[in-house]
Amino acid sequence: MPRPGFVLDVDRSTPPVLFHHGEGFRLEKLPADRSRIIYPAEPIEPIADPVGAIRHALANPLGDAAPLAAQLLAGMKLTICFDDISLPLPPMKRPDIRQMVIEAVLDLAAAAGVDDVHLIAALALHRRMTESELRHAVGDRVYEAFAPSGALYNHDAEDPDNLLEIGTTKHGEVVEINKRAAESDLLVYVNINLVSMDGGWKSTATGLSSYKSLKHHHNVKTMQASTSFMDRHKSELHHSNWRMGEVLKSSGVKIFQIETTMNNNVFGTDGPMSVLQKREWEWTARDRMTFLAMQKGLDRISPRMRRQAFQSWKAPHAMTSVQAGEVDAVHEVTTANVFRQHLVPVEGQTDILTMGLPYISPYNVNSILNPVLVMCLGLGYFFNLYRGKPPVREGGVLIMSHPTPWEFHPVHHPSYIDFFEQVLSETTDPLVLEEKFEKQFAEDEWYRHLYRTSYAYHGVHPFYMWYWGSHAMQHLGRVIIVGGEERSVRRLGFQPASTLQDAFEMASDVVGREPTITHLHNPPILMADVT
Amino acid sequence: MKALRFDRKPARYAAAIVAGKLAPGAGAGVGPLRLADVDPPELPGPDWLRIAPRLAGICGSDLGTIDGTSSRYFEPIVSFPFVPGHEVVADLLDPLDATDGSGPLAPDGTHRVVLEPVLGCAARSISPTCAACAAGDLGRCTNISFGHLSPGLQSGFCCETGGGWSTGMVAHRSQLHRVPDDMTDEAAVMVEPTACAVHAALAAGIAPGDTVVVLGAGTLGLLVLAAVRRYTQAGTVIVVAKHDAQRTLARSLGADVVVAPGEIRRAVRRSTGSMAIGDGDITRLTGGAACVLDCVGSAPSLDDSMAVTRPGGQITLVGMAGVTNLDLTGLWHRELRLVGAYAYGTETLVDGTSRRTFDLASELVMADDLARLVSATYPLSRYREAIAHAASAGGRGAVKVCFDLRTEKERTRL
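Protein chains in written order, with the working numbering: chain A, 51 to 581; chain B, 251 to 664.
What the hints contain is simulated information worked out from the structure, not anything from laboratory work.
Wrong hints could be hidden among the right ones.
Derived list of chain A stretches under chain B, where covered just means 3 residues or more per stretch with a C-beta under 8 Å from a C-beta of chain B [what the hints assert, rightly or not]: (1) 456 to 465; (2) 468 to 476; (3) 496 to 508.
Computed from a prediction, not measured in an experiment: that's the story for all the values here.
Where is the CB? At the ideal position from N, CA and C, for every residue including glycine.
Isolated chain A, as found in the complex (with noise of 0.2 Å):
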């Protein structure tokens, strides 16, 4: 029976903790009677069946849909859209869920003598997957039936012959989604929720949109008004992407979601990589070892082959959930098996919340870290895994642990390159930044055309990732990051520290001498339900 999350209030008797540190670990001491830590719970089994699960799912939806048997029929124009390369993370051993979902709904679909079927990558401005990154995701069989005849692709937000003007909600804000999904007469989603942010209509509104309706929620604003983002009911980014979901609705395109979620078995609970999802005053001697053999290895290699090691790791996470139909019923019981993986309860705030970070953010995938999206991972995603409040009181210090090296994938981003360069150089306020110099990247002819042909993040997408930690940034008093390089750190606006003891002392004017902490304890994941 797997234990559940729980805090563990660090006195002298707790071992040194694991943090992440991008492609490394840290072992760190933590201040006695004044620390807690969040521990994860352990991995919820896994379905035993899966394919048996997902064929469930789809002959007994959710809410008002038929099953999918029945909304399959011969000479209809059928879509099926699935989550991108940002999901999950790290990825996972094959076959992936979206393999096995998919062909699910293909074996239906061809029962029913359905032969306009068009799989389509649903990426937003995210940057297009690579065939071997979708034979992943699909399986080789689907991919070999598809792909040479063009019927599997990426989305491309920026073809504008193949967007369509749905509405505007009544906020005024413009729907536009790929055309063929919004023409279909059915359109199949596969999602994969790693996180309470994922799925629901967030999965068609923003994960097939273009810029042109992405803006009117990704956007400074909209973040810091989505406390947390985590948290639908709360995360004015959800708000409107349901507005939007609404006016899919009523224009008659008819979606079948099928959502997924999964346990946060990332390192495997036994194998050589166990140790580092254990609590660590379980660790044997031999976990011990383990451990030290990791780091003196990782120590020995090169920079490069350290981030080939880890990004070559394929993660023994697996399905713990699966429902179709509806997207609203479908999406509250997703949220529920997500939050009963995820979440902690944890009472009160404290002066200090520090975290170590990975390798790995649903923009690196097969690629680099680099410090704007070592931001994002930090003040976006760990700081939003929250509900109710955030483990850090208002005005507190974040204190974060990751090399943060000036490194960039030239191909994948090379926005962010500039983005870094210039427009940071100049200013780290989101509405700053966003007013002055967002639409000139949103519109440089060369990133659409890096978009477009190459497999480079969106021209606009460094921004997003900017204003994902805005509400952190905002509730912050500072941010310091431990071992980073220090020109990239003060790029970022943030402070560097050598150690962990230092970072303490250079948080002390702004939370005093003897500041109470919380420690994010991961890998893997949680979600903090603060009361």
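Fit chain B to the known structure of chain A by using the hints.
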């Protein structure tokens, strides 16, 4: 008198080359440059005057000579032994005109001059003068090694004139510009390098609103930036600066965008909205800046220059280049103009008027307070440190390093 003298000594020169490769400026310790007691230079002719340097700058061309990195191109237009130093503010020791009275003058700062070091037809007693000298373009003099003077493109490279790195030298009256009373010595010593910069800025072909790139933010790059801002109608000016202090100065002198060396292609692409060749990692731009002033003159800087100049644009080579390995395909394919800018003379401004470069430079020095670019001064006795400082100025937060001759004891014995 005391002087730093550069002798023709091949073995020492070879040693300087090796030392200069190990540490910039190290050629001063082992090369042919020595602090020596020398006889003051004799007056080569009737229109020559004696002057006593007060401040003398260390230029990049001097460093190239000392470290053996200069091209052999210069050998026939240099005469040994010579005393380096062509950026000079000095006291007149002989009257320049009637206002100085008659008889020898005291080196007390009352009668100061700036040296225009190019040795053209007038200095060489050549009459009639060549067409370039007649037009006031001394830098293009075609009699550079001829006439009644030993070869030497400038004072500071001629065995007969002496140079600024000493307590005494000689100059032809046509080479001397009076220093106004309200101009400090530090401002005056900046006039000659500023004149090079003004000439380059006006030779760069900058049209109103053009995007201009200045590659390099050492002394020359910063002065070129100031000159571009004052004497052209450039639009966006982008400066490439390696060091933090240089970046700060570049912003204060009017740069719109200041970037590190590896960032220039992206910066020009952003500013001009150009497309680029390369899958995110820019090989070159398909558009680019109208004008690039390369104040470095190395193969990588020229490569960058060609990558960021728009088709039909101009690259002005301001920095002293040597033997350089370069792929010129881009120059041909994009119909780029590669133009050298050397020294100064007479300039035609945007309003059509003609002015002497030195006059324009003096105005710019005062207007932009360029005296602040003199970062350090040294006595002759500490020449090794001075040259090492000048050779690594950027990294040490310095711009112009000078010799200060005002405190040399023997000035009072002149």
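Which of the listed hints are broken here? As far as the earlier hints go, not one is violated by this structure.
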